[in-house]
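Engineer: Please build the complex by placing chain B on the supplied structure of chain A, with the hints as guidance.
Going down the list, the protein sequences come from chains A and B. Per the numbering used here: the first sequence = residues 74 to 186. Per the numbering used here: the second sequence = residues -9 to 103.
It should be emphasised that the hints constitute simulated quantities derived from the structure, not laboratory data. Quick caveat, the model's predicted, so the values are computed rather than measured. One thing to keep in mind: the hints can contain errors.
Unchecked claim - FRET-style restraints, in silico, Cβ to Cβ:
(1) B:Gly32 / A:Tyr137: 35 to 43 Å
(2) A:Asn125 / B:Gly32: 36 to 44 Å
(3) A:Lys143 / B:Pro(-2): 37 to 45 Å
(4) A:Asn140 / B:Gly42: 37 to 45 Å
To be verified - Here are some chain B residues the structure puts well away from chain A; computed CB gaps all over 10 Å:
(5) Ile2
(6) Gly6
(7) Arg8
(8) Leu33
(9) Glu52
(10) Gln57
(11) Asp61
(12) Ser70
(13) Glu91
Unchecked claim - No farther apart than 35 Å at their CA atoms in a straight line, the calculated lysine-lysine pairs in the DSBU-like style are these:
(14) A:Lys173 / B:Lys(-1)
(15) A:Lys111 / A:Lys173
(16) A:Lys143 / B:Lys47
Glycine included, each C-beta is placed from N, C-alpha and C at the ideal position.
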Amino acid sequence: AQKVTQAQTEISVVEKEDVTLDCVYETRDTTYYLFWYKQPPSGELVFLIRRNSFDEQNEISGRYSWNFQKSTSSFNFTITASQVVDSAVYFCALITGFQKLVFGTGTRLLVSP
Amino acid sequence: DSGVTQTPKHLITATGQRVTLRCSPRSGDLSVYWYQQSLDQGLQFLIQYYNGEERAKGNILERFSAQQFPDLHSELNLSSLELGDSALYFCASSTGTATYEQYFGPGTRLTVT
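Pulled out of the complex, with its shape left as it was, chain A reads as follows:
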């Protein structure tokens, strides 16, 4: 069965701090895809990144970076120099050949000025 665990329910930081959101996944499939989505207070879900299981290269996009480690089944997300606009709930998600996107429970990030 597929499972995504986001153990951090809520994280509070002060602006300009770096913060890492953890994501641990479980699957027996060798081919799978991992995603991160952001849900700001306005409620919509915003796609951030997609990574397939064969590509372990870390990715950086501006202040965002992702660390994919198959050895520990983790796909962690780091925000560098956080800003108030980063305040949101962040979801990690997993999909395999069964074609059902499974979401973690989300991590609420609060960035205060």
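Structural biologist: This is chain B only, laid out in the frame that chain A set:
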């Protein structure tokens, strides 16, 4: 703006009633997905359609049904509504299969009284 539209934005109805939620995917996207987000269940996949055909099913109740029309818009029908059906219902679309990134609409907030 993801390009996915959902109507209505808010819906308040009574127990036992039936409602229809509507979704228009991004231009060119053939897949449509429906999700339910509630406080106790989190984000749950309900059903996927690809080019008019049902492709995958999640934890969708028998009281719920969906379809995708030739113009690719989709409707989610919820009947015999119960208080527990109160939730945020998201529609998402993607170019191909569910392994592609999904773009979410703004959601329909359903309140059953």
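Engineer: Next, verify each hint and record whether it holds.
Structural biologist: Here is what the structure says about each hint:
1. B:Gly32 / A:Tyr137: 35 to 43 Å: Given range 35 to 43 Å: violated, Cβ gap about 23 Å.
2. A:Asn125 / B:Gly32: 36 to 44 Å: violated (24 Å)
3. A:Lys143 / B:Pro(-2): 37 to 45 Å: Between Lys143 of chain A and Pro(-2) of chain B, where Cβ atoms are some 43 Å apart, the hint holds.
4. A:Asn140 / B:Gly42: 37 to 45 Å: For Asn140 of chain A and Gly42 of chain B the Cβ distance comes to about 40 Å; the hint holds.
5. Ile2: holds (17 Å)
6. Gly6: holds (27 Å)
7. Arg8: Correct as stated: the minimum Cβ-Cβ distance to chain A is 24 Å, above 10 Å.
8. Leu33: violated (4 Å)
9. Glu52: For Glu52 of chain B, whose nearest Cβ neighbour in chain A is about 18 Å away, the distance exceeds 10 Å, so it holds.
10. Gln57: holds (18 Å)
11. Asp61: Holds, since 23 Å exceeds 10 Å.
12. Ser70: holds (25 Å)
13. Glu91: Non-interface label on Glu91 of chain B violated, nearest chain A Cβ at 5 Å vs cutoff 10 Å.
14. A:Lys173 / B:Lys(-1): holds (25 Å)
15. A:Lys111 / A:Lys173: With Cα atoms ~19 Å apart, Lys111 of chain A and Lys173 of chain A stay inside 35 Å; holds.
16. A:Lys143 / B:Lys47: Judged against 35 Å, a Cα distance of about 28 Å means the pair holds.
Hints 1, 2, 8 and 13 from the list above are not met by this structure, while the remaining hints are.
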